[in-house]
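Residue numbers (my numbering), protein chains in the order written: chain L, 1 to 597; chain Y, 1 to 81; chain W, 1 to 509; chain C, 1 to 502.
Keep in mind that the hints were calculated from the coordinates and are not lab data. Just so we're clear, the structure is a prediction, and the values are computed from it rather than from any experiment. C-beta atoms are modelled at their ideal positions from N, C-alpha and C, and glycine is treated no differently. It cannot be assumed that every hint is accurate.
Said to hold, decoys possible - For lysine to any residue, the following SDA-like pairs were computed, each having C-alpha atoms within a straight-line distance of at most 25 Å: (1) L/Lys-493 <-> Y/Glu-75; (2) C/Lys-51 <-> L/Glu-56; (3) Y/Lys-80 <-> L/Leu-36; (4) L/Lys-493 <-> L/Gly-93; (5) L/Lys-412 <-> L/Leu-21; (6) W/Lys-112 <-> W/Phe-484; (7) Y/Lys-80 <-> L/Leu-17; (8) W/Lys-362 <-> W/Leu-428; (9) C/Lys-455 <-> L/Leu-21; (10) W/Lys-31 <-> W/Ile-360; (11) L/Lys-401 <-> L/Leu-469; (12) L/Lys-516 <-> C/Ala-168; (13) L/Lys-493 <-> C/Lys-51; (14) W/Lys-376 <-> C/Leu-21; (15) W/Lys-376 <-> W/Ser-268; (16) W/Lys-376 <-> C/Glu-456; (17) W/Lys-377 <-> C/Thr-156; (18) W/Lys-163 <-> L/Val-584; (19) L/Lys-563 <-> L/Ala-531; (20) C/Lys-455 <-> L/Lys-493; (21) W/Lys-163 <-> L/Val-575; (22) L/Lys-501 <-> Y/Tyr-77; (23) Y/Lys-7 <-> L/Leu-503; (24) L/Lys-412 <-> L/Lys-516; (25) L/Lys-563 <-> L/Ile-521; (26) W/Lys-101 <-> W/Lys-111; (27) L/Lys-22 <-> L/Asp-65; (28) L/Lys-493 <-> Y/Trp-70; (29) Y/Lys-73 <-> L/Leu-21; (30) C/Lys-24 <-> W/Val-444; (31) L/Lys-22 <-> L/Gly-93; (32) Y/Lys-80 <-> L/Met-149; (33) C/Lys-359 <-> C/Val-280; (34) C/Lys-360 <-> C/Lys-51; (35) Y/Lys-80 <-> L/Gly-327; (36) L/Lys-516 <-> W/Asn-138; (37) L/Lys-563 <-> L/Val-575.
As the list claims (entries may be wrong) - Covered stretches of chain Y, going by a simulated chain L footprint (3 or more residues, C-beta under 8 Å): (38) 16-28; (39) 67-77.
Residue-level listing of the chains:
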Amino acid sequence: MIEWLHPGFIYIFGALLIPFLKGKWQKAYLLLLPVLAFVDLQYMSTGVFWRIPFLEYELVFGRVDKLSLVFAYIFVIASFLMTIYALHVERSGEHVAAFIYVGSTLGLVFVGDLFTLVVFCELMAISSMFLIGYRGTRAAFEAGLRYIMVHIFAGACLLGGVIMHVQATGSIAFNTIGLNDFASYFILTGFLINAAVPPLHAWLADAYPEATVTGAVFLTAFTTKSSIYVLIRGFPGVEVLIWLGAIMAVYGVIFAVLENDIRRLLAYHIISQVGYMVCGVGIGTTMALNGATAHAFCHILYKALLFMGAGAIIEVTGRSKFTELGGLYKYMPITFWLYMIGAFSISGFPLFNGFVSKTMVLEGAALAHLPIIWLLLEGASIGTFLHTGLKVPYLAWFARKEPACEAREPPKNMLVAMGLTAFLCTLLGVYPQILYRMLPYPVEYAPYAVGHVIGMSQLLLFTFVGFWLLRGMLHGTPTITLDTDWFYRIGMKKFIWFCQKPLMTFSSSVNNGLMKLVSSIVWFSRNPAAATNIMVNSVAFVVLRPFNPVYKQYARNLEELKKTYPGNPAKSVAVGTGVLLTLVFLAFYLTIYFIYA
Amino acid sequence: MGKIEMKHLFWMLYACLFVSVLVEVLLHLSPHFHAHAAFVWQEIPGFGAVYGFIGCILIIVVSKALGHHWLQKEEDYYEKH
Amino acid sequence: MIPIEHFPVLIIAISLLSAFTILLAGWVNRKSCCLITIATITFQFILSIFILRHVLTVGTIRYWLGGWRPPWGIEYVVDALNAFVLVVILFLSLLVAIYSKRNVEQEIEAKKLPTFYSIFQLLVTGLCGIIVTGDMFNLFVFLEIASITAYALIAVAGGRALKASYNYLIMGSLGACFYMIGVGYLYSVTGTLNMADLRILLPPLYANRAVQAAFVFFVIGVSIKAYVFPLHTWQPDAYTYAPSTVSALIASTMSKVMIYALIRLIYSVFTLDFIRSYMGLDLVICWVAAMAIIAGSIFAITQRNLKRMLAYSSVSQIGYIILGVGLSPLSIWGLYGAVAHILNHAVMKGCLFLAAGAFIHKEGLWNIRDFEGLGKKMPYASAAFTIAAISMIGIPPAAGFASKLFLILASLEASQYPFVAILLLSTLLNLVYFWRVIDRMYFVGHGHGHEEATDGGESESELPLSMLVPMLILAALCIILGIFWLTELPLPLFYEILSDLGVSGGVTL
Amino acid sequence: MELMTPLFAILCPIIAAPLILLSKRHPNIREGWTIVASVAMFALVLSMAPKILSGEVIECIFFQTIFEGIDFGFKIDAFGLIFAITSSSLWILVSLYSIGYMRALNEHAQTRFFFYFCIALVGAIGVAFSGNLLTFFIFFEILTVSTYPLVIHEQTPEALSGGHKYFAYLLTGGCFFLFAIMMTYYLTGTTDLTPGGISALGSASRMILIVMFFCFLLAFMKAAWMPFHSWLPTAMVAPTPVSALLHAVAVVKAGVFGIVRIVCYVYGVDLMHELGLWLVLAGIAAFTMIVGSFFAIAQDNLKKRLAYSTISQLSYIILGAAFLTSNGIKGAMLHIPFHGFMKITLFMCAGAIMVATGKKNISEMAGIGRQIPVTMLAFSITALGMCGIPPVCGFISKIYLCFGAWSLDQYGIIFLAIILISSLLDVIYFFPIIYTAFFREPEGERSGTGEGKIKEAPIFMLVPLTITAIFSIIFFIHPNTLFIFDLVNTAIAELGPLFGGI
């Protein structure tokens, strides 16, 4: 059965040991796991492994082909880099969560059936939640809750879709699903949420900036990219994705302008960049799919680098808002330059990895003759450069003479991690063949055609001109930006308010009413006769109010009765009454019988 | 970064801008070029430059307008509502 | 060896003799009175068991007193029904007699003891007589013996009991009077007082107004004696103020015997045909019973005095039996329910009154409100009380549950759904008033702070064994009977009763 | 010998109960009896599984009752065994836990507590083993009555009024049950729980059948379906082990167990469908699921929130049964043990939190995740399970319920949506607890000395809740642990033709 060790399980089960190790051992162990997984990947052959019978079904944990392998590679590599970045973190829990998170993503890329897919999706959501929660701030607390809610919602959509799909097809195999029935809408929605496609994207910009410094780096890589993997696998060539992707690319860019928080700005750029991939999936040609895959690969690296840079700033200064930053260049030049490598990569400058992958998607759009899409994507890269390449460095490292707070270079491990990542970004930019060989389909594309290089350079250089002209408009303002999370943030608040106030008021009033009824019955039962008397008197009291003298007497009566209540209910019945009753009874019987008979 | 250095940098930038456009114009003039232009505008020399410039301005202006009139709110917006 | 045919009369005769012997023995030694009573009743009880066995195996016993044939002589007829009731009554009397020994010593002046036991024995005699006789007038005689002795026993306590007893006397006499009027009517139209003869002679006369009126007088007369609501007015006071022993005795036996008489009248003198075709009696009786069930429970809820509460509870429970009787023309389960509940209620109410007596005996507690912590002070008596109370509520597997089952099934078979609702509602009402007591005894008040070290200790010798054992036997019986009624074991008895009463076939399931 | 196994199983607590009373002066011996009895019972119950799995039914008839056609006795089928296994296995753990809890809080009247615990188990196991409705009813009532002293254990006025409410609801339910049973008997001459339903019932009048069904439903107020649920949160005044018993094992499960019995073994699938009762039942369940969660969201008291969560979760089981599809019923049956294990963990955690930190309200629980990590980890795992999130067993039952819902023709999408929405609501009320415990800084800085005082609850409490938490994961990985899954399949197979299926 065990053809190879599942790399995901190396992480997940490996993670469980982390809390038991201390200090250096723990650090060594943390680095060992990704290495192990990497070695494991080297020995993997394509095929289908790890079929496990479960309930009435057969789960497939290991469907290995080129597509899953390329994602697995980048996940393992990224996790290694990020672990280095996070090495200084003392809290074991954070490491555990991160490793389970990575492990479940790895699990997800190898799944061959829908159940396991759901399982890993949920596991991913839960473990990533911890990376946000560990920040410990109130904002993180609330953002984390919203984050998990959205993901559970995605999971519910996915589960619902899977259920319908399985019921309809009778098989749980996870292959190309396509957009053809109710089930597929649900599944797609689930993954569109995970991929942060507008208008289902708000969780990303909401939660990532609130995560811990190192956790955010992990978060950037896995959730969205794994759903890109699923989209490539399940929904290639679904046309709606083209438009969604293109809009997404631009949407992220536009919102990024308004952001004041450095990581939130970068988060919007994740949305924008994932837009390229979604678009690539939608186009669905081998070129576009390759492009999407390649872009995911590269994106993980440069976005991690960018978040590492931003994280370094936050780690050192404790601030994340543009309005509070500036002038850091003097103290953090290394960070600045490493960050800039990431920025050039994401913008798609030639010689950086963003260029070799992004242009593939553009080429895909061009080959599929989608002019508007092409223009939108091109436009999105303008915005990308504008923000990550120009606005962020300008506002964070320059813009002021002196920083508003203490600053120095971040811990060594962070710098090492950033250096390694930057190295990989450039390496892939310079030797794209390393990447292209790994892609699922054969690549017939030369990124460094003159036209591409020139076109891209012009675009980005003139963007700078525009930026320089309008840089005054770009200063941060202490505001937040409304996004689609408005609906559920407000909605949730209202909903909880509804539960706590009107609903509880209603239920307790019903309850109180019942209790009052019960207690009045109890009151009555203590002496029914006297109680009846009191009731009659109270009625009389009300009725006789106009007739003053009589009414007063009744009032006095009532007072008296109430004072003595319940009195002694055990009054004996006089003999006379008994006899009378007997006679009445006799009469009653006789009458009834004689009439009846 | 001193002021003079900045000036040099800007000169380099202007040179780059000029060169990038010039190269493309030259390319378009050369007879071998018209190999793969998927869209009409790719045949216009300097399109990228214009698009980049205009796009940049548009993105800033449009989103700022959106933000100013609609989307941007004070930081304790959600606590209040 | 005396043949078993003679046993019925033997039971009466021995009892009667013993009553006078006690009086005599009391001059010599007061303590012997109780022993003689116990011995006599034990003997009677053994005889009754033989009778029951004989009746079930061989058949009905007919004994002509003095060898005179009916209709001139008095006939004693013992079939399955009387034999069963006889056993029940004697068993309860025996237990109460045992219980009485120590209790009475405390509650009654020593010099009254011989008289007390003598009357006690006479009461038992009267009850046995009512059961075994097959003659209408003889029944009246025994009825009067039983009633008058009961008045006397209640009055023994003195004080308020005197008034209660007087009340009872008036009402009881009224009841007896009504019964007598009924007998007179029947005699005037048929010329016989023998039940078997009446059964043969009556059918042609069913349409006769006098017969119908006789029936109504019987029903009302017995209803007064059996305190069927609303003719129960004498009963709560009588039960409350009587000595505990007496309360227990009359609560568990007298009313049962009265209901036995009612069943006997309905089935053996008149017949189901009469009731079905002329009277429509069944439903009226049922509704009266239903009223009794609910009203009794509600009154019980309002009480603060435990014995008074139990008294009202009896009113309600008698309603159960009457309901069973009323439903019996429509479903045999009604009769089953009535018969079963005669025993069940005797056992349960006996146990409850004995326990109530024990509370008074030991702690002087009458009011439920003062019962806090009783569960720890008198664990056994409280436990017995609790079990009997649970049984009254009808929680399985206790005895009350079985009779409730029978009655519900009877109502269903009779398609009288309201009675199902009433029975179930009454369960809840029972719950209310009994649980209040249980809560007081065990749970209310002494919550925290009382650690376990304090329980036990003083409670070991809470009551004299002679008081405790009968109570515990009855409590155990509550559970045992509950299971017993559910098994097939009582079926032969039921079949025998049915065939003796002439209800074989006809209504089956 | 084998036929007597059920008798021996139920004798374990019956014998242990008086022994507990007798050894009230020696707490160790007293608790020893509880443990011995529970282990013995569990072993006996489990030993029946192979035979049941082979498709047989163990019948153990004590006597033929006076009602022709009704025997008093046990008939253990697969479904009954599931409930029996659940309650007997959890009894062991709750016993251990109670020892820790009662001693840690130095509770009064511990003997009484353990005694009635034993009796309650008699009721629960009897309910599981009952072969007909009459036997069922008897044990059902024993269960009700024996839990009363447990509910009012604190003996405060509040506890008493809670107990009264509990009693009022459940015994009223008992009355309806009795009526319905006798009605069934009157109509069909039998009350045997027949897989696939009592066929003779089909010839009765529709009206009566419908009325009877509602009586059955009212009988199972123990299942706390809305609007007859309010006894359950009120009964939260009980000590925590009792709440655990009430909410996870014995009482409420007996209620839903009964409903499944009625649906599948008395009315039967065809009749339910023909009368449209399934839709009514499903509607009630759906309503309860959603509104129960609403209520849970509004609670700040942890135990109350768990109580409302129970209300909501029980309706999953009812809903599954109401679907009448094989997957739905399978989900329902699976949810009985699964929810049992999960909810009991949650309650035990709530108790452990109370003992360790003295906190009852969620808003006070900021940061306790770091102080009592084991407890809170167990809590988190099972809370995930309640939300139906893998890798905890709640996921499996939820999946089957979803399948069951989707195989309905018209209403499939509605009920599927309701199940999914309900699990979202579960998240809304469970995750804030986890989040508060782990990630929220305690309000107001405490001095270092105060911080150090909070330690995990006693080991007696910690071990059971860890075990149940682990079990809830094991059930996910291997649903056939304790034969549960095979038993469910056997039960489904016994039921004969059902709707749906893949």
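Going down the list of hints, with the structure as the test:
1. L/Lys-493 <-> Y/Glu-75: holds (17 Å)
2. C/Lys-51 <-> L/Glu-56: Holds. C/Lys-51 to L/Glu-56 sits at ~22 Å (cutoff 25 Å).
3. Y/Lys-80 <-> L/Leu-36: Distance of about 50 Å is beyond 25 Å: violated.
4. L/Lys-493 <-> L/Gly-93: Outside the cut-off at roughly 30 Å; violated.
5. L/Lys-412 <-> L/Leu-21: Holds - the C-alpha atoms of L/Leu-21 and L/Lys-412 are around 22 Å apart, at most 25 Å.
6. W/Lys-112 <-> W/Phe-484: Given that 25 Å is the threshold and the Cα spacing comes to 40 Å, the pair is violated.
7. Y/Lys-80 <-> L/Leu-17: violated (44 Å)
8. W/Lys-362 <-> W/Leu-428: violated (31 Å)
9. C/Lys-455 <-> L/Leu-21: This hinted pair holds, its Cα atoms lying about 22 Å apart.
10. W/Lys-31 <-> W/Ile-360: Status holds; Cα separation ~22 Å.
11. L/Lys-401 <-> L/Leu-469: holds (20 Å)
12. L/Lys-516 <-> C/Ala-168: holds (15 Å)
13. L/Lys-493 <-> C/Lys-51: Answer violated: L/Lys-493 to C/Lys-51 is near 54 Å, above 25 Å.
14. W/Lys-376 <-> C/Leu-21: holds (13 Å)
15. W/Lys-376 <-> W/Ser-268: violated (50 Å)
16. W/Lys-376 <-> C/Glu-456: violated (36 Å)
17. W/Lys-377 <-> C/Thr-156: Satisfied, since the Cα-Cα distance of roughly 20 Å is no more than 25 Å.
18. W/Lys-163 <-> L/Val-584: Satisfied, since the Cα-Cα distance of roughly 24 Å is no more than 25 Å.
19. L/Lys-563 <-> L/Ala-531: Distance ~12 Å between L/Lys-563 and L/Ala-531 Cα, so the pair holds.
20. C/Lys-455 <-> L/Lys-493: violated (35 Å)
21. W/Lys-163 <-> L/Val-575: At roughly 10 Å apart (the allowed maximum being 25 Å), L/Val-575 and W/Lys-163 satisfy the hint.
22. L/Lys-501 <-> Y/Tyr-77: holds (22 Å)
23. Y/Lys-7 <-> L/Leu-503: Not OK: Y/Lys-7 and L/Leu-503 at ~68 Å, beyond 25 Å, violated.
24. L/Lys-412 <-> L/Lys-516: violated (70 Å)
25. L/Lys-563 <-> L/Ile-521: Holds. L/Lys-563 to L/Ile-521 sits at ~19 Å (cutoff 25 Å).
26. W/Lys-101 <-> W/Lys-111: holds (14 Å)
27. L/Lys-22 <-> L/Asp-65: violated (38 Å)
28. L/Lys-493 <-> Y/Trp-70: holds (21 Å)
29. Y/Lys-73 <-> L/Leu-21: violated (46 Å)
30. C/Lys-24 <-> W/Val-444: Distance ~21 Å between C/Lys-24 and W/Val-444 Cα, so the pair holds.
31. L/Lys-22 <-> L/Gly-93: holds (12 Å)
32. Y/Lys-80 <-> L/Met-149: Holds: Y/Lys-80 and L/Met-149 sit about 22 Å apart, inside 25 Å.
33. C/Lys-359 <-> C/Val-280: Between C/Lys-359 and C/Val-280 the Cα gap is close to 40 Å, so the pair fails against 25 Å, i.e. violated.
34. C/Lys-360 <-> C/Lys-51: violated (45 Å)
35. Y/Lys-80 <-> L/Gly-327: violated (33 Å)
36. L/Lys-516 <-> W/Asn-138: Outside the cut-off at roughly 56 Å; violated.
37. L/Lys-563 <-> L/Val-575: violated (29 Å)
38. 16-28: holds (count 7)
39. 67-77: holds (count 8)
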